[in-house]
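Let the hints inform the model, and build the full structure from the sequences given.
These protein sequence lines are chains A and B, in that order.
Going by the working numbering, the first residue of the first sequence is number 1, and it counts up by one from there.
Going by the working numbering, the first residue of the second sequence is number 422, and it counts up by one from there.
Everything labelled a hint here was simulated from the structure, so no lab data went into it.
Hints are supplied without guarantee of correctness; some may be wrong.
Claimed, not checked - Listed next, the in silico SDA-like pairs over lysine to any residue satisfying Cα-Cα at most 20 Å (straight line):
| # | chain 1 | residue 1 | chain 2 | residue 2 |
| --- | --- | --- | --- | --- |
| 1 | A | K51 | B | N476 |
| 2 | B | K521 | A | M36 |
| 3 | B | K510 | A | G102 |
| 4 | A | K34 | B | T518 |
| 5 | A | K34 | B | T531 |
| 6 | B | K712 | A | S4 |
| 7 | B | K491 | A | L6 |
| 8 | B | K437 | A | V79 |
| 9 | A | K96 | B | D513 |
| 10 | B | K835 | B | A815 |
| 11 | A | K96 | B | E559 |
| 12 | B | K455 | A | F136 |
Protein chains: 2
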Amino acid sequence: MLQSQLFTKTIKEAPKDEASLNAQYLIRAGFISKEMAGVYSYLPLGLIILKKIENIIREEMNAVGGIEMKTSVMQNKEVWEKSNRWDDKVIDNWFKTKLKNGEEVGLSFTNEEAYSNILKQHVNSYKDLPLYLYDFKEIFRNEARSKSGLLRGREFYWKALYSFSKDENEHNDFYEKMKVVYSNVFKRVGIGRLTYLTYASGGTFSRFSHEFQTICEAGEDIIYIHKDDYGKGLKMGQGHAAINKEIYTDDLKKDLGLKGNFEEKKAIEVGNIFTLGTKFSKPFDLKYVDKNGDNKMVFMGSYGIGLSRLMGVIVELNNDYHGIIWPEAVAPFKVHLLDLVSDRKESDKIYNKMIRKGIEVLYDDRDKSPGEKFAEADLIGIPWRLVVSQKSIAKDSVELKKRQSDKMELVKTKEIIKRIS
Amino acid sequence: MLQSQLFTKTIKEAPKDEASLNAQYLIRAGFISKEMAGVYSYLPLGLIILKKIENIIREEMNAVGGIEMKTSVMQNKEVWEKSNRWDDKVIDNWFKTKLKNGEEVGLSFTNEEAYSNILKQHVNSYKDLPLYLYDFKEIFRNEARSKSGLLRGREFYWKALYSFSKDENEHNDFYEKMKVVYSNVFKRVGIGRLTYLTYASGGTFSRFSHEFQTICEAGEDIIYIHKDDYGKGLKMGQGHAAINKEIYTDDLKKDLGLKGNFEEKKAIEVGNIFTLGTKFSKPFDLKYVDKNGDNKMVFMGSYGIGLSRLMGVIVELNNDYHGIIWPEAVAPFKVHLLDLVSDRKESDKIYNKMIRKGIEVLYDDRDKSPGEKFAEADLIGIPWRLVVSQKSIAKDSVELKKRQSDKMELVKTKEIIKRIS
Numbered sequence: 001m002l003q004s005q006l007f008t009k010t011i012k013e014a015p016k017d018e019a020s021l022n023a024q025y026l027i028r029a030g031f032i033s034k035e036m037a038g039v040y041s042y043l044p045l046g047l048i049i050l051k052k053i054e055n056i057i058r059e060e061m062n063a064v065g066g067i068e069m070k071t072s073v074m075q076n077k078e079v080w081e082k083s084n085r086w087d088d089k090v091i092d093n094w095f096k097t098k099l100k101n102g103e104e105v106g107l108s109f110t111n112e113e114a115y116s117n118i119l120k121q122h123v124n125s126y127k128d129l130p131l132y133l134y135d136f137k138e139i140f141r142n143e144a145r146s147k148s149g150l151l152r153g154r155e156f157y158w159k160a161l162y163s164f165s166k167d168e169n170e171h172n173d174f175y176e177k178m179k180v181v182y183s184n185v186f187k188r189v190g191i192g193r194l195t196y197l198t199y200a201s202g203g204t205f206s207r208f209s210h211e212f213q214t215i216c217e218a219g220e221d222i223i224y225i226h227k228d229d230y231g232k233g234l235k236m237g238q239g240h241a242a243i244n245k246e247i248y249t250d251d252l253k254k255d256l257g258l259k260g261n262f263e264e265k266k267a268i269e270v271g272n273i274f275t276l277g278t279k280f281s282k283p284f285d286l287k288y289v290d291k292n293g294d295n296k297m298v299f300m301g302s303y304g305i306g307l308s309r310l311m312g313v314i315v316e317l318n319n320d321y322h323g324i325i326w327p328e329a330v331a332p333f334k335v336h337l338l339d340l341v342s343d344r345k346e347s348d349k350i351y352n353k354m355i356r357k358g359i360e361v362l363y364d365d366r367d368k369s370p371g372e373k374f375a376e377a378d379l380i381g382i383p384w385r386l387v388v389s390q391k392s393i394a395k396d397s398v399e400l401k402k403r404q405s406d407k408m409e410l411v412k413t414k415e416i417i418k419r420i421s
Numbered sequence: 422m423l424q425s426q427l428f429t430k431t432i433k434e435a436p437k438d439e440a441s442l443n444a445q446y447l448i449r450a451g452f453i454s455k456e457m458a459g460v461y462s463y464l465p466l467g468l469i470i471l472k473k474i475e476n477i478i479r480e481e482m483n484a485v486g487g488i489e490m491k492t493s494v495m496q497n498k499e500v501w502e503k504s505n506r507w508d509d510k511v512i513d514n515w516f517k518t519k520l521k522n523g524e525e526v527g528l529s530f531t532n533e534e535a536y537s538n539i540l541k542q543h544v545n546s547y548k549d550l551p552l553y554l555y556d557f558k559e560i561f562r563n564e565a566r567s568k569s570g571l572l573r574g575r576e577f578y579w580k581a582l583y584s585f586s587k588d589e590n591e592h593n594d595f596y597e598k599m600k601v602v603y604s605n606v607f608k609r610v611g612i613g614r615l616t617y618l619t620y621a622s623g624g625t626f627s628r629f630s631h632e633f634q635t636i637c638e639a640g641e642d643i644i645y646i647h648k649d650d651y652g653k654g655l656k657m658g659q660g661h662a663a664i665n666k667e668i669y670t671d672d673l674k675k676d677l678g679l680k681g682n683f684e685e686k687k688a689i690e691v692g693n694i695f696t697l698g699t700k701f702s703k704p705f706d707l708k709y710v711d712k713n714g715d716n717k718m719v720f721m722g723s724y725g726i727g728l729s730r731l732m733g734v735i736v737e738l739n740n741d742y743h744g745i746i747w748p749e750a751v752a753p754f755k756v757h758l759l760d761l762v763s764d765r766k767e768s769d770k771i772y773n774k775m776i777r778k779g780i781e782v783l784y785d786d787r788d789k790s791p792g793e794k795f796a797e798a799d800l801i802g803i804p805w806r807l808v809v810s811q812k813s814i815a816k817d818s819v820e821l822k823k824r825q826s827d828k829m830e831l832v833k834t835k836e837i838i839k840r841i842s
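Following this line, the structure appears as structure tokens:
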């Protein structure tokens, strides 16, 4: 893409009404625009990142048999009364609105009810199960405060998968698969090293749920990990585990066979997997007829990831004083080509060659000073920076630098495609 | 896809609470699920169709320089007060909700304000223009009644592009391009023959706007076309035009150089393009500095298509007593392979071959009677039906039938891929 055609402008100063680091950088670099506290629009570069994250998650969900649907934002009161979650006294962060006739309507804050209600109309037999269904959608939660940028939105973009199994055994097999699948997602988007599969409180149907917690100063959760496990994240070995503070005790450590000194870390939940059992299938009468002709309750699980939060966490973990440092898998472009020569001939050639080779490249073809171009490139945070200058041309070369590195390297122009690929 | 893995069930009887043909068929065939009047969820097959329509529109928007963004659903009162469209007395179909602190928030019912507000923060110079930005998003309109299925939703899925031009001339050039681009969209999704570029009422900045009206009994609009032009739709010749009833007069016909007998037709608006001029740039103070250093107002246009409505219109136009007949470009699959032989060997072979060749195929591998399989295939409406039976196998053949045709054809099994491609 030609940067001259990108209308978004970078901003030098952090916006005054924005305390969070992720939102400051994302707004300054032109990825998002603030509509109000906890509500952001995604500008062209921001949408590219959201879609890259979405595609990674979609691939992983489909790999375990997930099937995508698109449920409505507007939610029917009658449906939610079945599970007793309509009343604001039970769920205190509903956003609700009204039809012309005065009837109340809710805005999706989660999806168990919508799915249970739809499946009740379609599932009858053991032959229909198991089922793994998921949505990408806008979710709305009426947070009292919202000042963490993309980390806690009033409106946010979300993936939730629900599993519908014939029984607890079948559920448990899938639940274990989802631990792996979720780990894959967080590794692929570049936060695996600081993300921990974490024991958290369970429900009626399981002693624990599992959270994926990423160590992060801006996080609102506290987890405990062994002091040697910092930075090992999803590669922690057998006999190691992270535990959410809400359930952390010495007895639990013993139960789980964990030894040694555990440390408190601030963390943010980037995903969670939960055994719902028959909590929702019961009120929705979601049954099936098994092989012997008996009626059985469907056994459910839920698996959520906030995509916009994930985007915020990636920024919180990958930045320096100058700006963002995108991991390659989610970066808006692979290469940022900066032209410092006014005639652009050499840069045009390199740009066109890269486009032909399918390399994602943002080409700064604007009339700006080298200093401005360097500063903006650092703020935007594309992984590879390529500079074409009089000096580099004189050596038939381009200057190559990784965003997180200080070292510049002169690479022969004819070798640059191979070097980047 | 194996039909045995598709959890949605077809329904023989139309749902009692659904008067519209499109919703009846789409619900019966398992494409959508009704959440409440005017609000539907998209089941796996329905989502495939919505995405096919979305991809066609995206390709056409990108072809004229469109850049995709993702604006928020939640809308800021202060922003809408600038254009005087916050008050319910001005806009009577807002859905609004409240933050915990009592502040009101709107749900997107259109996007002019959101875009103008964002661009105000980024556009300064003539070098930034023109700009063509678009969103796919959920739109919410508080309709008093909503009983036309996908044709008029309270929540619906929508594409809107806004153009930001330096002046009226530049705007007019793009506006003409969009007539072509919109025509391409409607031709590609298979409704070009009955869709008419239609003169409709303009605004302060243009005598007319243009609607794309599709002749359809379920439509709420009336258009006039020459009696010889029925079925010519977007291929109407020079000197022919359709006119919306709201502005149709003999004087206008004369002005437009139209002659002959015009007939009333019921129609539905599937798209509209509108010259906004400075209606929104003024209240948002959306200016730029031109080449001479003078301040000028940005000149805007809007271009909308409701994707869910389009899906409904396609069904209204393409069906018979037995069910839907999807145009190939938006069909959920190209081929519906029905196996009538219990051992499945021959069908499995054909299915796997098609998958390898990248042909989209739904394979009915279930234990059901031939009658049930035929009826469901007709209801779902996939363009090509392939039947493998004892009889066909005996002749090394498969039975091939187009959904809309009564003629069955025996095709040699080894030739079927070539025949279908």
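Hint-by-hint comparison with the structure:
no. : hint            : verdict
1   : A/K51 - B/N476  : 14 Å, holds
2   : B/K521 - A/M36  : 14 Å, holds
3   : B/K510 - A/G102 : 17 Å, holds
4   : A/K34 - B/T518  : 19 Å, holds
5   : A/K34 - B/T531  : 18 Å, holds
6   : B/K712 - A/S4   : 16 Å, holds
7   : B/K491 - A/L6   : 15 Å, holds
8   : B/K437 - A/V79  : 18 Å, holds
9   : A/K96 - B/D513  : 18 Å, holds
10  : B/K835 - B/A815 : 14 Å, holds
11  : A/K96 - B/E559  : 16 Å, holds
12  : B/K455 - A/F136 : 19 Å, holds
When held up to the earlier numbered hints, the structure conflicts with none and fits them all.
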